[in-house]
Amino acid sequence: MLALLLVAASGDAFDDVARPFLDAHCVRCHGGTEVRSGLDLAGTTAASVEEDTDAWQWLLERVEADEMPPPGEARPGDDERAAFLAWLTEALDAADGDASKDAEPPLAGVPLRRLTRIEYESAARTLLGVEIDASRFLPEDVVGHGFDHVAAAQTLSENDFVRYLEAAEAVAERAVPDAEAGPPRTRRYGPGDMAGGRASRGARWLYTNGTAGPIAPLSRAGEYLVRVRAYGEQAGPDPCRVRLVLGDDSRSEVFEVDAGPGDEPVVLEARLSIERAGDHLVGARFLNDYYVPPRDGREREDRNLAVRSVEVVGPLDAARPTAFWSVIERRLEAADDREATLRSVAGDLASMIWRAPAPADEDVDALLALSSPNDGPDRRVRAALTGILASPRFVFKEELGRAGAPDARGSVALSPHEIATRLAGFLWSSVPDRQLLERADGGDLDGVEGVRRVAEDMLADRRADALAVGFGEQWLQLRVLDAKRADDDAFPNFSRRLVASMREETRRVLIDSLRERRSVWELIEGEQTFVDDRLMRLYGLGSDDVVAEVGEGWRRVRLDGTERRGLLGHAGVLFATSEATRTSPVRRGKWVLDVLLGSAPPPPPPGADNLAESAEGDEDLSLRERFERHRADPSCASCHARMDPLGFGLEAFDAIGAERPPEDAARRDVSGVLPDGRSFDGPVELAAVLRGEDRFVDAFIERLFVYALGRGLERADRRSLAAIRGTLDEDGPTMHSAILGIVTSPEFLRMPREERNDGEK
Amino acid sequence: MVRSDGDAGPSIEELEGQGPRTTEVALPRRAILRGAGVSLALPWLEAMALGQESDGREAPRRLLYVYVPNGVRVDEWRSDRPEPNGEERANGSCSRPIETLPPLLQPLAPWSSRLQILRGLAQDKARANGDGPGDHARAAAVFLTGVQPLKTEGRVRLGISADQIAARTVGGATRVRSLALGTEAGRSSGQCDSGYACAYSGHVSWESETTPAAKDVAPQRVFDRLFRGGDAGRSAESRRARLDARRSLLDFVRDESRGLRARLGADDRARLDEYETGLRELERQLAFDGAAHVEGVGDDRRPAGVPRTFREHASLLADVLALAFRTDSTRIATLMFGNEGSGRRYTEVGVREGHHSLSHHGGDPEKLASIAAINRLHIDVFVHLLRRLDAIEEPGGSALDHSMVLYGSGIAEGNRHDHHDLPLVLVGGARAGIVGGRTISFERDTPLNDLHLTLLERLGVRDVALGDGRGPLVGI
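Residue numbers (the working numbering), protein chains in the order written: chain L, 1 to 761; chain G, 1 to 476.
If you are wondering where the hints come from, they were derived from the structure by calculation, not from laboratory data.
If a hint is listed, it holds; no wrong ones were tucked in.
Among the chain L residues that face chain G by a calculated CB cut under 8 Å, a handful are:
hint	residue
1	PRO139
2	VAL162
3	GLY387
4	SER391
5	PRO392
6	ARG393
Away from chain L, derived, C-beta distances all over 12 Å, residues of chain G:
hint	residue
7	SER112
8	ARG311
9	LEU323
10	ALA369
11	SER398
12	ALA430
13	VAL474
Partner residues are not named here, just some residues of chain G that face chain L (Cβ under 8 Å, in silico):
hint	residue
14	LEU249
15	GLU256
16	SER257
17	LEU260
18	GLY265
19	ASP267
20	ASP268
21	GLU274
22	LEU282
23	VAL306
Values in this document were obtained by computation on a predicted structure and should not be read as measured data.
Ideal placement from N, C-alpha and C gives every residue a C-beta, glycine not left out.
Just chain G, same shape as in the assembly (with noise of 0.2 Å):
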C-alpha cells in the first residue's frame, strides 16, 4: 500500500484520499486483508509472508516525539569540546560531523551515526509574551504547536499539534491513527502552574485548539486499545460477536446522531461536531477489526498493570509502541516521560527529591547531580526504545530506519526555563532521507515548528500552517 519511489515519500492522496479525518481507504484495505487470508496483516509484508520477494515494497514511515519534563542539563547535553568547523548552509544554518557526543548522549553511541543533536531551535511562544509566569505549562502545550496557549484555568485555546496533523492525514492508513502516551496521567481540569489549566502541562498532542488528544498512561489498556478493540478478556470468539454488534450499534448511533443534528440549532451543531468525529473515527477503526493483527497478537505479550518504577513503566510503554509500529496498528505517536513541571521522585536512581523543585537547582552541586540521573535514566529509556525499533526487521532497514523520533523539551535549563536552543536530538528516519552523524546548528531562535514542518513533509505531508512555522528547514 505504502510504495517508495525512490526519496519522495508517499503521497496523502496515495494513502487516503482527500480532506482531513474520514478516509474509505480503510474499507478495501479490510477486504485485502480477509481476501489475502495471512495471519501477517501488514500490507508490505504480505507478500513475504506469501514467500514472494519484497518487490520493492518499502515499510511505512513513522513519526514519534519523546517529549522529557523540567528541561536538561545543558552543560552535559552540549559538547563543551571546541567544534570543528562545519559547512555553512545558504540558509545560516552550520552542519558539522559528531566526533564525540556529549556526555548525556554517550548512551546513544550505537547510533551515532543515524542521529542529528539540533542546535538553535527555539518554541517562542513558550516564553511569557506579556502572559506572566506558567514557563512549564507553555513548554509542554507549544512543543508541538508552536501557539500561546490562552492563560486559563477554565476552558483552554491553543492549536492543533504536528502529531496530530500527521494523525489525520497519514493516520488514516493504520487502523489507530496515533497514540498519546505518557507515564503520568494527564488532567483536563484544574490549575497546574501559575494560572495555566493542567490540559497544557499534560498534553503535547492536541487535536484541536480546544482538545488535547486522550493520553493513556496504563500499557494494558494501550494494547487493549490497539489489538483487542477495548475487549481483552474475552475469548476471540465473544469478540468477534462483539465486534458484529458494535458495528449495527454504531450504525443506530450514527442514525441517531443525524436526526439530533437536524433537529439542532446552528450553535449546538457545532458542539456535535467533536461528538461525531469520535464516531466516524470509531467506524474506521472498526473497519480494521477483526483483521488478521488484531488477533494476531497473543495474549502472553498483554501487560499487566501499571509498574511502580519509572524505568518498568516507561519501558512497557516502549514495548507496546514498538508492537503497534511493527504491525502497522499505529504510525504516529508521542510519548511524554512526564507532565511538564512534574515533581515525581525518581527514588529507583537514589533521587529523593521532586524532579521539578530540583530542576530549579540554583548551582547546587547537589542537586545537579541528582538532575544529571534523572536525565540519564530517561536517556536509558531512551535507549531501550531505540533497541526495540531497531530489532524489527522491515524491507529496507529496521523500524528505527523508518522512524523519524524526536527526543527532547520544551524547556532548555530547568533552573532558567529558557526557551531557546532547546535540548533536541532526531533519531532514525534514514529511510525518511534523515542524515544522521552531524550536530547542525541553525540560527538562534529558529522555530521549532519548521523542524516540525520538515518531519512531516518527509511523512509526506506538505503544505500545512502549523503555529508559527514558516516552512520546512533545509538539511536535515
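Excised from the complex, chain L in its bound form (with noise of 0.2 Å):
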C-alpha cells in the first residue's frame, strides 16, 4: 500500500511540473474520493518524494512505460511527460543522494534464497556424484521477475517442507550406500506407473518409437534384472521389436514381440546395470514403429506396442561403493583412530556442502550425534551427511559478509565462500565444487581481479553452458515450448521433435554466442544459425548453406540467401509466439519490445483485448485491416501503433517459423512504419532497424543482471549498471564482457550491512 505523505514544503518545480501534471493526469483516479491501488496522490508535495522513494520511483516506471494514464485516458503531451519525468527523476535523485549530488545510493541486498531445484541436482552430482531427478523432490521453482530463482518469488508450503528432508535422505542413501544391502528387492510397476506412450486398456501404448516405463529409485549403482512384459498390435512384415533399458544402459538383444492384444504377454528378460544410483527409467524401448495411413479402401496398418508390466529386481551383484564411499572408507581404514578420522570426514563433508570454513566442533558433535556411535561407519558417515543435506546451511544461500567497517554505501564484502557460492550460482547454476572451494580458501577470490580471473576459467568449463541455456530460455521466455502445440492439421509437419530441434538451436547459438565471445548484435542481425536436418528442412536449406558440421548431426549453417536474421529467426521464437493455428503478429511485435527491448507494453485496457484478438483471427480481413481495426479505437492505438508494425515485419514466417512461400496472402505485405517514422519492409530490413535500438544491449545487461543476482532491479543499481555498459566494446559488446561486468560490480561482490537487530521479531 502506498501512503504519500502530506508534508508542507515549497518547490518551485513541483508547483510549476508536477503539481499541473498530476492534477490533469492522475488525481482523477489516484485521489481524494477514489484511490486506486490505494495510491493518493492529492496532496502531495515536494517534500513527498523524499518521504516515500519507492513509490514514486515505481510511478516514474508506470509514466515512463506509458502505462500511466492508462490506455484509453488522454495522453499527456510530449513536452508536458518528458518535463515530468525529468521532474521526477531529478527530485527521486536528490532523495538518494540526500541533496548532495556525490553521495552514493546504499547498495541494494539480495534476499536470503533457497537452492533451486537444479542447484541442488548439481550440488549432489557435482559434490557426491549421486544422479537425483529434483524435480521428484523438491517443489516448484516459482518465477519471479522472469527467472525461477528470484528470491522474492521464492514461497513454501508447510507441506512441501518435508521434501527437503526427503531429498536429503535420498541422496545420501545414494552416496553411502548400506554395506548390508539386504536380499535383492523385486519393484514391479503397472501402466499407471509408468512414462512415456499413454496408459489404455491395462497396458502403456506406445504409438510411435520410444520408451514406455517406471522412472524407479535405484539406491545403489550395480547390475539389475530387468523384466517386461509386452504384447503389441502387429501391422506391416515384421513383429514389434523392442530392446530393453535401465537408464543409460541400453544393452539388451533387441527381442521380437510377436504377442497380439488377445495373447499372453511376452516375457523378456536382460540383465542391465548402472553406474550411479539414483532415480533411473527402465523399461522397453519400441524400435520399428509402423504406420501406413488407409488409402484406396484398405484400412490403416499400424504396428504399437503395449508395455504391461514392468520389473525389477536387484541390485544383483554385491555392494558396490560409490567413488564418494570408496575415498571416505579407505580414510577410515588407513586411520588408526576411527573416531578422529570420522569427525575430520564429518568437518570436511560439512565444509564442502555448507559451502563454508570448517565447521565448529559442536557442529561436528551434531552431526555425529545423529547415530549411535555403535553403528558401523557407513551408517554415521550416511546420517551425518543426512543432516549436513538437511541443514538450511546447504538449503539456504546464507551470506553474513566479511567483518569491517561498511563503505560509504553501507556495504561491506561477501566473504570468498560466500562469492563462490554466487558465482557458481550465475556461471554454472551450481554450487561450488571442492576445487573452486580451494581456490577461494587459497585467496584467488580476494579483489576484483581476482575474480575476475576466476570467473574467466569458470566461463571457460562446459559447465557455464548452464548460463546460456538456464537465462537464455528464461530471458527468451521460451519455457513455454513445454506445453505447446501447433494445430496438426494446420502443421502436418510440425512434431514433439521439431520443437526440441528448436530449443535445441537456440541454445547451441547463445553457447556459441558466450563461448565465442560474439557481438550481442548477431543475436539481432547474426546471418548464420545451427540447424539439424529437421530444421534444415523447415528453413528450405540446402547442402550449399552449410558452413562446418559441428557433430550430433547438427551444423553451422548461412542465412543471407534467406528472411531470417538473429533470434528472430528462431522457430523456437517464432513458433513460442503463435497460436496453435496461425500467427500472432500482436504477440510477436509484444515479445519483441518486452524481451528484446526490456518495455513490454501494459495489459490491454478491460474488454479491449477480445477486440484486438477477434480482430486479428478473423480471416476475412487482410492484415492491413486488422490493424486499421487496432488503430480505429484510441485506447488501443498508442500501444498497438508500437507492437502491430513489428509482429507484421515477421509475418515472412508462419506459426512454426518455415518461411511462408511468395504466393502466400500473409506474405504480400510485410512493410511496417513504427510510431517515429521510421519503416521497413519484411524482417531483414526490421532487423537493420533494430540493430539501431541502443536500448537493446541495456535491456540484454539488465536481464543478465536480474538473473545474476536473483532480484529485481532498484533504483540503486542504475550507477553499476552504466558502469558495466562502459566497460563493454560499443560497436561489439559480447556475453562474455557483460557478465565479467557484473561479478566484479559492487552489487554482485558486496552486501548491506544491516543495522542487526539482535530482538527477535
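Assembling the complex is the task here: the two chains are given apart, and the hints tell you how they should meet.
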C-alpha cells in the first residue's frame, strides 16, 4: 500500500511542473474520494518524494512505460510528459543522494535464497556423484522477475518442507550405500506408474518409437534384472521389436514381441547395470513403429507396442561402493583413530557442502550424534551426510559478509566462499565444487581482479553452458514451448521432436555467442545459425548453405539467402509467439518490445483485448484491415502502433517458423512503420531497424544482472549498470564481457551491512 | 477428545490450546494412543474398540470443499418450476422446502433432506474491479478467500483461505492439518489467464497471502503422506527405524535453523519463517507417526498410479479422502475437480472439445449438451464421494452427518463469467446443525465468505477475519 504523506513544503518545480501534471492526469483515479491501488496523489508536495522514494520510483516507471495514464485516458502531451519525468528523476536523485549529488545510493542487497531444483541436482552430482531427479523431490521453483531463482518469488507450502528432508535422505542413501544391503528387492510397476506413451486398456501403449516404463528409485549402483511383459498390435512385415533399457544402459538384445492384444504377453528379461545410484528410467524401447494411413479403401496399418508391466530386481551383485564412499572408506580404514577420522570426515563434508570454513566442534558433535557410536562407519557417515544436506546451511544461500566497517554505500565485502557461491549459481547453475572452494580459501577471490580471473576460468568450463541455457531460455521466454502445440491439420510437419530441435538451435546459438565471445548484436542481425536435419527442411536450406558440421547431426549454416536474421529468425521464438493454428503479429510485436527492448506494453484495458483478438483472428480481414481495427480505437492505438508493425514484419514466417512462400497472402505486405516514422519491409530490414535500438544492449545487461543476483532491479543499481555498459566494446558488446562486468560490480561482490536487530521479531 | 455437548461445537482451546499452527496437543494424544495399545487410533472410537459404550462421545466435525471449474449450466442447476412461498427471514433471506431437485442435482436425491441449495451468494472479488480480464483465475483464487488477487505473473498476493483457517485451528487435532487435492496439477509459475499467475487458477487453498497450499493429484502420494509418512514400499520395521532417525534429524535441523536465524538480519529472518513453519508442522506430524492408525491401514488400500479418466481419478481421490476422514487423519480438505479455466477433454462421456472452450457455448445446442454431460459427470463423482462418506458409521450418525461438504464453482454460467448467485450446494453436516431439505435464497450479492464464516463457526472457529466476509449467516 502506498501512502504518500502530506508534508507542507515549497518547491517551484513541483508547483510549476508536477502539480499540474498530477492534477490533470492522475488524481481523478488516484486521489480524493477514489484512491485506486491505494495511491493518493491529491495532497502530495515536493517533500513527498523523499518520504517514499520507492512509491515515486514505481510511479516514474509507470509513466515512462506509458502505462499511466492508462490506455483510453487522454495521453499527456510529449513536452508535458517529458518535463514531468525530468522533474521526477531529478527529485528522486536528490532524495537518494541526500541532496548531495556525489553521495552514492545505499547498495541494494540480495534477500536470502533457497537452492533451486537445478542447483540442488547439480550439487548432488558435483559434490557427491549422485544423480537425482530433483523435480521428484523438491517443490517447483516459482518464477519472479522472469527467472525461477529470484528470492522474492520463493515460497514454501508447509506440506513441502518435508521434501527437503526426503531429498537429503535420498541423496545420502545413494552416496553411502548400505553395506549390509539385504537380498535383491523386486519392484513391480503397472501402466499407471510408467512414463512414456499412454496408459490405456491395462497397458502402456507406445504409438511411436520411444520408451515406456517407470522411473525407478535405485539406491545403489550395480546390476539389475529387468523383466518386461509386453504385447503388440502387429502390422507390416515384422513383429514389434524391443530393447530393454535401464538408465543409460540399453545393451540388451533386440527382442521380437509377436504376441497380439488377445495373447498372453511375452516376457522379456535382461541384466542391465547402472553406474550411479539414482532415479532411472527402466522399461522397453519400441524400435520399429510402422504406420500406413488408410488408402484406396484399405484399412490403415498400425504397429503399436503395449507394455503391461515392468519389474526391476536387484541389485544382483554385491554392494558396489560409490566413488564417493570408496574415498572415505579408504580414509577410515587407514586411520589409527577411527573416531577422530570420522570427525574430520564429517567436518570436511560439512565445510564442502555448506560452502563454509571448517565447522565448529559442536557442529561436528551434533552431526555425529545423528547416529549411535555402535553403528558401522557407513551408517555414521550416512547419518551425518543426511544432516548436512538437510541443514538450512546447505539449502539456503546464507550471506554474512566479511567483518569490517561499511563503505560509503553502507556495504561490506562478501566472504570468498559467498562470492564462490554466487559465481557458481550465476555461471554454472550450481554450487561451488571442491576446487572452487579451494581457490576461495587460497585467496583467489580476494579482490576484483581475482574474481575476474576465476570467472573467466569458470566461463571456459562446459558447465557454463548452464548459463546460456538457464538464462537464455528464461530471458527469451522459451519455456512456454514445454506445453505448446501446433494444430496438426494446419501444420502436418509439426512434432515434439521439431520443438526439441527448435530449443536446441537457440541453446546452441547462445552457447556459441558466449564461448566464441560474439557480439550480442549478432542475436539481432546474425546471418548464421545452427540446424539439424529437421530445421534444415523447415528453413528450406540446402547443403550449399552449410558452413561447418559441428557434431551430433548439427551444422552451422549461412542464412544470407533467406529472410532469417538473428533470434527473430529462430523457429522457437516464432512458434512460442504464435497461436496453435496461426501467427499472432501482436504477440510477436509484444515479444520484441518486452524481451529484446525491455519495455513491455501494459496489458490491454478492460474489454479491449477481445476486440483485438477477434480482429486478429478474422480471416476475412486483410492484415492491414486488422491493424486499422486497432488504430480505430484510441485506447488500443497507443500500444498497438508500437507492437503491430514489428509483428507484421515477421509475417514472412508462419506459426512454426517456416518461411512463407511468396504467393502466400500474408507474405504480400510485410512492411511496417513505427510511431517514430522509421519504416521497414520484411524481417531483414526489421533487424536493421532493431540494430539501431541501443536500448537492446541495456535491456540485455539488465536481464543478465537480474539473473546474476536473483533479485529485481533497484534504483540504486543504475550507476553500476551504466558502468557495466561503459566497459563493453561499443561496436561489439559481448555476453562474456557483460558477465565479467556484472561479477566485478559492487552489487555482486558486496552486501549491505544491515543494522542488526538481535531481538526476535 | 472431541466432545459435543448439545449444539455447541468443541472450542478451539479444547482442541489445541492457543495460537496458530503450532500445537502441543499432539503429544499427550500420542501417549494416549500408545497407552491404549489398540489398533484403532480414533479417540472417539477407542471406547468402542474396547467394547464400551460410546458414552456420549461424538465424532469430529469436518469441512470439505469440492470445486468445479468453468461454472455450470445454470438452467439445469436452478429449478425452473415456480417455487413455493418460503419463510421470509429478518435478514432478507428466504428459506423454502425443496420439493423437486433441479435436473442437474437429481442424482443427489438420496440426500435431498440433508442438503441445502444456496442462492444469491456472490464472490465480488472475482469480478474485474478495474483489473481487466481474467475471470477464471480470479474465480478459483477468490472462492475460499474473498480477496482480490494481485494481477501478476510473478509473485502472487491473495489471502488465507477458509479451509486453511480451519486447518490452523481444528486441523491441529489431527496428524495432517488439511488436504488439498485435485485432478490437475497446480503450477506455481507461469501465466495461465490474462496476466494472472497459474497459482491462482490452480489453487483454492491458500496458506497465506503468498503461498498456495501444495496440491496433490496423485492418489498414491496422498495415501503415502497420510498413512506411510512418505515411506511406502518399506517394511513397517524399517519405517519405524526411519521415523526415529527423522525425529533426531528434525531436532538437528531445528537447532541449525535457530542458529541461522540468529545470524540473519531482520528481513531474512522473515524469509525463514515459512521454512520454520513447515519444520514445526512436520514435528507436529511426527508426534502422531508410529501411531496405530498410520500402520493400521493395509497396503491393499494403497492406490496405484494415476488413472486416466476423470471419473476414475477423481473417484480414487474421493476414496482416499474418505479413508482420511474415517481414520481421523485429517478433518479439513479441498478437492478441485479441475483447475479453473481447465481445458480438459472429457472423452469418457463422449465430449471431444475442451471444457473451457465449450463453456463459452454462445447458446449452441451441441455445446450445451456437452456441458450438461460434463456437469453430470462431476455430479456423479460427487455422489460417489457422498456415498463413501455416508457409509462410514460413527457415533451419532454417518461421517457425512459430521461433514459439511460444499460443492460449487466461483463462476455461475461459464458463458457469462458471472460471479453472483453462484451454483452452490451444501450437503451433510446434520450433526453440525445444518438443516437440510431447503433452498435458501439470500439477498443478491451476499458475500460467499459469510457462508464460509458460518461453516467455520460450526467447526468451532469463531471471530476470525476472512476476506470480504462480514459475519456468519443466520439460518443455515
